[in-house]
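Chains U, A and S are the protein sequences, given in the same order. Residue numbers are given in my numbering: position 325 of the first sequence equals residue 325, and the series is strictly consecutive. Position in the second sequence (from 1) plus 549 gives the number in my numbering. Position in the third sequence (from 1) plus 714 gives the number in my numbering.
Accuracy of the hints is not assured; some may be wrong.
[As the list claims (entries may be wrong)] SDA-like mimics (lysine to any residue), calculated; alpha carbons at most 25 Å apart, straight line:
id : chain 1 : residue 1 : chain 2 : residue 2
1  : S       : Lys1091   : U       : Gly18
2  : S       : Lys1091   : U       : Arg507
3  : S       : Lys966    : U       : Arg507
Derived from the structure by calculation, the hints contain no laboratory data. Remember, it's a predicted structure, so these values are computed and weren't measured experimentally.
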Amino acid sequence: MPSIALLAPILIPLATAGLVAVCGVAGWKIDRIVLAAGSWAAILALIVLWAPVRSTQDLSLGPLGFSPLDLRLDAVGFAFTLMVMVPAAVLLTLQPRAWQEGTVAALGLAAAVFTVEAGGVLLTALAGGAAATLAVIQLDVEDPRATRPPWGMLLAAWLALSWVGTILQVRGGTAIYAAVPVSALTVPVFVLLAASALAASGLFPWRGWPAQLWGRPALRASGMAVATLYPLGFYLLVRAYELGDGHFPQFWLQAVLASLGVLVAFGAAARAQAATTRREYLGEVIPGLGGFTLMGISLGTPLGLVAGLATLAVAAVLAACLPLLPDRAGPGSLVAIAAAAGLPPGLAFGVRVIGLEATFEAGNFLGLLGVAGAATWMVSIIAAARAIGLPAGHGHPVSETVPRVAMGLAAATFIAGPALGLVLSIFAIPAQADVMPALPGVPLGGVSSVVTVSTVLPALVLFTPVLALALVAYIAAGPLAVHSEPRPALIALPAARLVARLREQLRSAAIPTKYRSLVDLHALEAAATGGGPLLWLAALVALAFAVTR
Amino acid sequence: MIVLADGRRGLALGIGLIAVGLAVLAWTTGMWLGGALLLAGGSVSIVALLRTGRQDWGLMPAGSTPRLILAAVGAVVSLWLAASVTTGPGAPLRFAVIAVLGLMAARLLQGHSAVAVLAAAAGLALALAGASALGPNDAGLAPYLLAAVIAAGATFLPVPEKRGA
Amino acid sequence: MEPELAVALPAAGAVVTAALRPRPRAALLVGGALGAAGLAAILLAAPGLTSDQLGVTLSISAMNRTLLLAAAGSLALVVAFAPPRTERASLLTWGLAGIAGMAAIAVAPDLDMVILLTLAIALLHAALGGRRGLAARLRAPALAVALLGVGLVFARVEGSPLLARFAAVGLAAGLAAALGTLPYIHEFDPEELTAASPIAWIAFLGPILGLAIVTRARELVPEAAAAFGAMLIGLGLLNILWGSLASWLTEKGTSAWHYSFMADWGLVLCAFGIQVADGRAAAVLILYGILLGRLPLYLWSRQSLRERVQNDRPINLLAAAMLAGSAPFAGFAARVFLLRGATQLYWPLALVIAIGLLLWLPPSLRLGRSLGWPRGKLAVGAGIALALSVAIGIYPQPLLSLAGL
Chain U
1 MPSIALLAPI LIPLATAGLV AVCGVAGWKI DRIVLAAGSW AAILALIVLW
51 APVRSTQDLS LGPLGFSPLD LRLDAVGFAF TLMVMVPAAV LLTLQPRAWQ
101 EGTVAALGLA AAVFTVEAGG VLLTALAGGA AATLAVIQLD VEDPRATRPP
151 WGMLLAAWLA LSWVGTILQV RGGTAIYAAV PVSALTVPVF VLLAASALAA
201 SGLFPWRGWP AQLWGRPALR ASGMAVATLY PLGFYLLVRA YELGDGHFPQ
251 FWLQAVLASL GVLVAFGAAA RAQAATTRRE YLGEVIPGLG GFTLMGISLG
301 TPLGLVAGLA TLAVAAVLAA CLPLLPDRAG PGSLVAIAAA AGLPPGLAFG
351 VRVIGLEATF EAGNFLGLLG VAGAATWMVS IIAAARAIGL PAGHGHPVSE
401 TVPRVAMGLA AATFIAGPAL GLVLSIFAIP AQADVMPALP GVPLGGVSSV
451 VTVSTVLPAL VLFTPVLALA LVAYIAAGPL AVHSEPRPAL IALPAARLVA
501 RLREQLRSAA IPTKYRSLVD LHALEAAATG GGPLLWLAAL VALAFAVTR
Chain A
550 MIVLADGRRG LALGIGLIAV GLAVLAWTTG MWLGGALLLA GGSVSIVALL
600 RTGRQDWGLM PAGSTPRLIL AAVGAVVSLW LAASVTTGPG APLRFAVIAV
650 LGLMAARLLQ GHSAVAVLAA AAGLALALAG ASALGPNDAG LAPYLLAAVI
700 AAGATFLPVP EKRGA
Chain S
715 MEPELAVALP AAGAVVTAAL RPRPRAALLV GGALGAAGLA AILLAAPGLT
765 SDQLGVTLSI SAMNRTLLLA AAGSLALVVA FAPPRTERAS LLTWGLAGIA
815 GMAAIAVAPD LDMVILLTLA IALLHAALGG RRGLAARLRA PALAVALLGV
865 GLVFARVEGS PLLARFAAVG LAAGLAAALG TLPYIHEFDP EELTAASPIA
915 WIAFLGPILG LAIVTRAREL VPEAAAAFGA MLIGLGLLNI LWGSLASWLT
965 EKGTSAWHYS FMADWGLVLC AFGIQVADGR AAAVLILYGI LLGRLPLYLW
1015 SRQSLRERVQ NDRPINLLAA AMLAGSAPFA GFAARVFLLR GATQLYWPLA
1065 LVIAIGLLLW LPPSLRLGRS LGWPRGKLAV GAGIALALSV AIGIYPQPLL
1115 SLAGL
């Protein structure tokens, strides 16, 4: 396949956006078909590009000005592109949306794919920034009054990444992932990159935009925003391993990020167990999985990275599932909650087990994090059990829900649990091998089991009977009758209320009345713009004084 | 004179003095045509000032003591800069240019009447033409021609009525 | 002959358009044709090629030519997609006159001519009329001329080495005064016609003038280049802070736009002060953004500002994203170059600039909303401006090559 074909996964969504716009302007009501065809065609193109070769493919198209236009498709790019495109394609196919929304959604998808396929840091920053901007616009097109991610924070994230790219160019001569010298990734540069990654995906212990978006009246744009933007921050951290030749510059950076991962997961779990509606609980699912992903990716071990990538893959499937779920009790909600909570033998269970195993194998402080992670998991299971009986929430339009598909997606993650080894072998381990060398002589996985340093997890053999039992139990239980009612939080967290109060105080902070005369903005503006000769002369004297120092 | 006068006659006299002074200095450097152009420009400017508007001198009106001090201090500082701080031949030209530029700038900052500001702009143009002779390379006639046109045209500009967006 | 024609044709276009004002269509046709011919002359004026037809050696540099083309493009955009009830013939007249003036500055052989031309333009601009008095309109630009003149004198005389630094002070202060940036902000009346307001200096004439002064200042006082660069950076940072905060917090919408131009010029001054190739590239891209993005959007927003109409439609958000320098617009590429240049020079400067860049978003959202709901021709114009910005933002290389970078 000629290397120019690497453009296909980007150009197809771009062309789709154009076609949708044309259809919309012309009044042809086929934009949803076009969106569906385009998004799935892009996935097909990606698979056709990758499957026969399964090794890194590069395309260099000359200088753009600030960076060469280099594209690359390796295992990491393949994994992340799938994680972005598959949920997006599901949502674009099944949810009806106005043609304007569809156009912006397709453009955002193209930008997100470009972010992952970009061969260098600067190009990633450009494309990621574009994806963030388009996601915000999409959310505004759907409903300008509803919550949206803080645009300033997203802008800051990608601007910070662009600064990382320029520093790498200045210090290391290049910002291309495969060519950056290891010495260029110093601690300050990595801190900037990590901050960018955390801000880009909203990975904070408090309620960030990935959770807030689920509170919107409609979930079309929210689902697309989470599907296209959320994985990108993690992508940056995985690429950081490539920049650092398999590890972060210092161990303590791994420890800090892994700790933050646990905090993010715990924050989500704590909020989930205090949720007042099922929708509020479901809003914490993705952040909770994200926390475990961050923990796994940051450990710095091959198993941790594999576990992190697999957890993110589960989050990606749920990012497609949750927006399609109606806000009412039923088997769909039950299966989705069970899948998200990590009940055995689901994939979410398997990846969490692997993730915690990775922390124990890493040892020392990271082992302690594993204990905290296990505790967090328990809280999230309790929250899940509680959430089954919660009131639904204010509801989103029925037209954008497809309960059977949502249930099917959730069930798929359940059924795929015994195939954990296979999923890791196909999806996560090749990506890990690209950025981090595994220990010699220790394979990470096979089709039926996951091999770690200290143990072997025979997933297929262990999980299949559990799956069978679960299916039997489900069928035997018969029709579900869930009685929804408000339930009190199991664990009260005064700190959460304190944080919320502090943020509210900060937001409404104002200069006390008696001091306002000292900061009179009108007077300042009048003085600066009045054309006063004294100010001009004073400025001249100040400049003259400055140059004589 | 331009600093101290508010009336058209006073401003015209000021422009005349500037034009004559800079023309003479241009002639001393061999720029005969340049000097002539400066004189011509100044003359046209004087004619424009004396042809229209109220004809008065307006010399040192009430409250003009700061301007007098400014003029005196400006002249002294310019002399110090030209004769002491800077070196080399052409001290008179340096003095003239620095004094005119500085004082015209001050007039622009404190002037509220259009005529005074336009006269100061004309003076600026003439001084800038003189400054071109300070350069190491021969600037040719172009600066003198352009300065003359500007000086001539400035005082011809009508003071337009105020209008909104 | 091309440099001379680059000045003469737009000037002739301005004169003819003014003469044909009672017949607007004819004025637009003839003025447009002469303007297009002037544009062709600019394009054909190869950088470095000199012309002595008028007894003065005229030539145009690559960067000047690029900015002239941008200014011409901006004028074409604004005239072609003028808001309803706008006198397009008048707009074309003033625009062509401005381009003629800019072309004259661009081809001028030395700084003396640049300063004199600036004075001439200041006088003609003041004569346009407006809500401010003539003295108020002329004060700042004429002061700029005086400061530049003093700087020029200090640069040429012999004496203490400090004189070169004072020359740099005069040139830097003169530049700020000519543009109308802090601390030499031109008196601004929000209700005044754009052509007669300080926006004409800061957004239309400013790019060429700024480039001319910076380029020639470096040639004039090479021994004070570091001091000159430092002053530009200092003034730039001041304008970034003031421009973005004032644009966000001021009450009047038109003033918000005025301050936003100052903020952009803050970036340009920092970029010029950095004195490496990346700095120049950043400056060119930001100036392009001002001419082809911010200025047309400002003109298109005037009516909505008067009617106090605000909107939160996708086009308003896209405009806000463009004004904020968000990817994939031209401002983002400019910021990458600026950060790279600043990192090469002194990395804490890049940190300060990066923090300053975060201040762009709140005022940009405000300005984007103030565009109202552009319909018909205005929507097409806004779309073109956005598309151009995206094209430059993703692929700035052709533009930079045109500018000789």
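Open item on the list: Given the hinted pair Lys966 of chain S and Arg507 of chain U, is their Cα-Cα distance within 25 Å?
Closed with: 24 Å, holds
- [ ] For the pair we were handed, Lys1091 of chain S and Arg507 of chain U, check the Cα-Cα distance against 25 Å.
- [x] The hint is violated at about 41 Å.
- [ ] Take a quick look at whether Lys1091 of chain S and Gly18 of chain U sit within 25 Å of each other, Cα to Cα.
- [x] 21 Å, holds
Of the hints listed earlier, the one the structure fails to meet is number 2.
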